[in-house]
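Protein chains in written order, with UniProt numbering: chain A, 1 to 645; chain B, 1 to 332.
What the hints contain is simulated information worked out from the structure, not anything from laboratory work.
Beta carbons are placed, not taken as given, at the ideal position from N, Cα and C, and that holds for glycine.
Misleading hints may appear alongside valid ones.
What the hints assert, rightly or not - Residues from chain B shown here face chain A by an in silico Cβ test under 7 Å; the list is partial: (1) Pro50; (2) Arg53; (3) Tyr56; (4) Arg58; (5) Gly62; (6) Pro224; (7) Tyr225; (8) Arg230; (9) Ala231.
What the hints assert, rightly or not - What the simulated footprint calls covered on chain B by chain A, stretch by stretch (three residues with Cβ under 8 Å from a Cβ of chain A suffice, anywhere in the stretch; the number is not a length): (10) 124–133; (11) 232–243.
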Amino acid sequence: MTQAATAPRAAAPTPEAPSGHDDLLRVRDLAIDFRLPTGRLRAVDGVGFTLRRGACLALVGESGSGKSTIAQCIQGILPHTAEVVGGRVSLAAGRHGEPSVEITTLGRDSRSMLALRGNRVATIFQEPMTALSPLHTIGDQVGEPLRLHAGLSRRQARAAAADLLDRVRFPDPARAVTMYPFELSGGLRQRAVIAMALAGEPDVLIADEPTTALDVTTQAEILALIESLRRDAAMAVLLITHDLGVVAQLAEHMVVLHRGRVLEAGPVRPLFRAPGHAYLRALMGAVPRLHGAVRARLTPLRDIRVDTTRLGPGHRADAAAPGRRDDHPMLTLDGLEKSYPLRHGGLFRREGGRVHAVRGVSLDLRAGSCLGLVGESGCGKTTLMRMIAGVLQPSAGRVLFDAGDGAGAADVATMDRARLTRYRREVQYVFQDPFSSLNPRMTVREIVSEPLLIHRLGDARRRTDTAAELLRLVGLDARMMGRYPHSFSGGQRQRLCIARALALNPRLLLCDEPVSALDVSVQAQVLNLLADLRRALGLTMLFVSHNLAVVRHVADHIVVMCAGRLVEKAPAGTLVTDARHPYTRALLAAVPEPDPDWHLDPATMAATRASDPDGWPAPYRPAASGATRWSAVGADHLVAVGGEM
Amino acid sequence: MGGYLLRRIGLMGLTLVVTSVLVFIIIQLPPGDYLTTYIEELRAQGEMVPPERIAYMREQYGLDQPLVMQYLAWAGGLLTGNLGYSFEHSVPVASLIGDVFVLTILVNAATVLFVYLMAFPIGLYSATHRYSWSDYGLTFIGFLGLATPNFLLALILLYLSNRWFGTAIGGLMDPVYLNQPWSLDKALSVLGHLWVPVVVIGTAGTAAMIRRLRANLLDELHRPYVTTARAKGVPPTRLLLKYPLRMALNPFVADIGNLLPQLVSGSVIVSAVMSLPTTGPLLLRALAAQDYYVAGAMLMFLALLTVAGQLLSDVLLAVLDPRIRLGGGTRR
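Modelling step: build the complete structure from the supplied sequences, incorporating the hints.
As structure tokens, this is what we get:
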């Protein structure tokens, strides 16, 4: 069991733990400063905790809470600008007779520090896409700790790497060692990163947001893997995350950090049941949940006030628009397909088969409603969104749009220039990554008013006024207009993106994973904002996400997409409680709930197999031609079964 | 990979055929031919040329043939290693440009080596010690190197080397060895003279490469895979060489394709200033005198080096970077 303790000056909910024989990693009064051009910034302020052998302790907090800095300090890989200004980190004697060490006294790249890293302390990083070098084979990178610490030869290290990959249940490990990271899926890459961390048989395994970048089904597999490895290898795991669902699944103890200080610490179960500190309560309130009653609003840590009172005449709620019917189908997808030819490279390109990114998607989206689209990465949901936005041409099928102005529905592909320009005003897009979807060289004013400029609306002064209104609309200060995107946090940037999307007073908002790059607390903020805007402006929304809990929170109806097909469609509540399709069920089972009494079913390990249509049982398996058709199973509840239309 | 190579080599051949047609058309474009230029020259000296002699010479040189036949004869000659005949110097082109090519390639290969040997350690140091005084100092020297016109540098270095080492000004060897057969002494003399043009031609390139390497490395140094390697306990120097440097190399390998033709055509001004016996001045003169076959052979050689350079850098890139090697087959 682990006891967490806090520095005297922080509010200390638990007393200083007596140091026991079982203590493996002890952090005491740790203080770390960053030297910035503007002065010193204390990133970690008097943090203390103890990790016992074989236990799992979670450091919980938002970005900027100092949790990753603590992890870097434990491995001695703090950036050059950081400096330990107080406290100790000590690691007790290892399983294989290694002596105990005071990590904070070691030099950054000293011999003893190098011997520690990757050997006694190893890390699983967040981004499996970038945490591996693209130029070196998996075998080389996984076996590298063994070559460094155990003195294995290249050949031996490669053989050992294959064994390690086998331990993390890699399919065909002998082949995998010769492969490169870009040849593997995200989940497999993360397995390789885990195998690499296991190579040195570490005493402490630091898992730094190990599943944040992964799909929910892959996340479930990786969590189950970490859990089983911890039990088998008797490793201690230091889990670093902002996701309370992951904490509930893995950790026995947790330390809640906020701005470098410990706010609360203790065993997970009582803390989840009765969070003492207001911050933890707020953090819990911010998580959208899959089960239980749907709350009208999430409770973000810092609520933002949406200012819709001073909307200009260009931003009236659609309800006031004349001649508008209430819930006509605004968007109709009719047998939409997108396929790409398989290419053989070279001078004379030969066409092989075709890859279907989207196949036979038919949907109705009623005006004023919010439809959630759920699926894993690679299922075709972004391709679908792009076809709706008119950026990609469908290979077959139609996208019909009816603005409700009495002109009737029109096919996006055959619109004339003027109509298409109007369509582009009526449909706007919010992207997943608020960091790369804003031009870093444009000011906020330029970013938010650019759509107006492109569509030649108003003069410069009007555009600036509108930009100010839009910023107030998303709860940002209009005085920030002269700043550049880099001075905003992730949540603020996503609000900028939303403001930009609203600039043209659209009717339909396409949201492509708008919160998946954000922290839980900020996520709640943005979700609330979208809900408020939808109500105030009468927006119709298509909301894409891989997170069922998020979609359930915002959407009226949910459709589930897998391998380019829609597999199930139901009202949000029904889908969660009464899912029929095996893929939907696998998705539901894979969501980690922030509840320590609820555990992931080991059967969800089969989740990736559930994303292969050929593995679906009888009624659901597509026909030989790949065709599926809807079958009604309840009120408004459709599920795809094999067979021609 | 094998199929890819074959296809690329086939494309190379096609490119060269097209280039040879273009080269031939371009050198034929100015009005008149070598004979008219020659006759003009003789007339200017007050000599009369009998029309029979002109007709005879025209036939001798094959200049009375239609252009297509002239082209075919020339291209056929190129294929069989017969580069043609220099009208101006009255010697086969091969013997005229052979020695010049050897010296040109020597100078420029030494320059490339110099650039890489200087730029890599400095660039590495500069990137890993960013914003330190040493980085600022090296950056300053680098910009000086970029900004100094190289003919000016050439004059300064020539003066200094003459004052301090007593090396003869200009040329690639002591005047006594000119037109002598190769010997050890001659080779030593060449080496003694070589460093000045190498430094002159290489300075700007070195400075540019330091800047590029520094920028490339700075991009890579903070990538997550570098942190991963650090967390594995890889020692700092080994880490730098194995991960970020490997990644930063790609643009330099891609550059080899451009380097090869520069080996031959580059540094014309410097060669003229330093009176180096390299191809630059020779090509200039051949073009001015409408000495078809000399100009044609040199242009074709440049074309060959360009396509061969591109092939070489593409193949090297594929060898170095698995994403390029395997990417085509696995993606979609």
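Open item on the list: So, as I understand it, the hint says B/Arg58 touches chain A; can you test that by seeing if any CB pair is closer than 7 Å?
Closed with: Violated, about 43 Å.
Open item on the list: Next item in the hint list is B/Ala231. Is there a CB on chain A closer than 7 Å to its CB?
Closed with: For B/Ala231, the interface hint holds, since the closest Cβ of chain A sits about 5 Å away, which is under 7 Å.
- [ ] Let me know if the C-beta of B/Gly62 comes in closer than 7 Å to any C-beta of chain A, holds or violated.
- [x] Check failed: Cβ of B/Gly62 comes no nearer than 36 Å to chain A, outside 7 Å.
Open item on the list: Under 7 Å is the threshold here; is the Cβ of B/Pro224 close enough to any Cβ of chain A for the hint to stand?
Closed with: holds (4 Å)
TODO: Hold the hint about B/Tyr56 up to the distance rule: shortest CB distance to chain A must be less than 7 Å.
DONE: violated (48 Å)
Open item on the list: Does the closest beta carbon of chain A sit nearer than 7 Å to the beta carbon of B/Arg230?
Closed with: At 5 Å from the nearest chain A Cβ, B/Arg230 passes the 7 Å test, so the hint holds.
Task: Outcome, coverage hint (the region 232–243 of chain B, chain A; C-beta under 8 Å; three residues) - done: holds (count 7)
TODO: Classify the hint on B/Tyr225 as holds or violated, based on whether any CB of chain A lies nearer than 7 Å to its CB.
DONE: This hint holds: B/Tyr225 lies near chain A, its Cβ roughly 4 Å from the closest one there, short of 7 Å.
- [ ] Classify the hint on B/Pro50 as holds or violated, based on whether any CB of chain A lies nearer than 7 Å to its CB.
- [x] violated (55 Å)
- [ ] Count residues of the region 124–133 of chain B with a Cβ under 8 Å from any Cβ of chain A, then say if the count reaches three.
- [x] violated (count 0)
TODO: Let me know if the C-beta of B/Arg53 comes in closer than 7 Å to any C-beta of chain A, holds or violated.
DONE: Violated. Min distance 52 Å.
Comparing the model with each earlier hint shows violations of hints 1, 2, 3, 4, 5 and 10; every other hint is respected.
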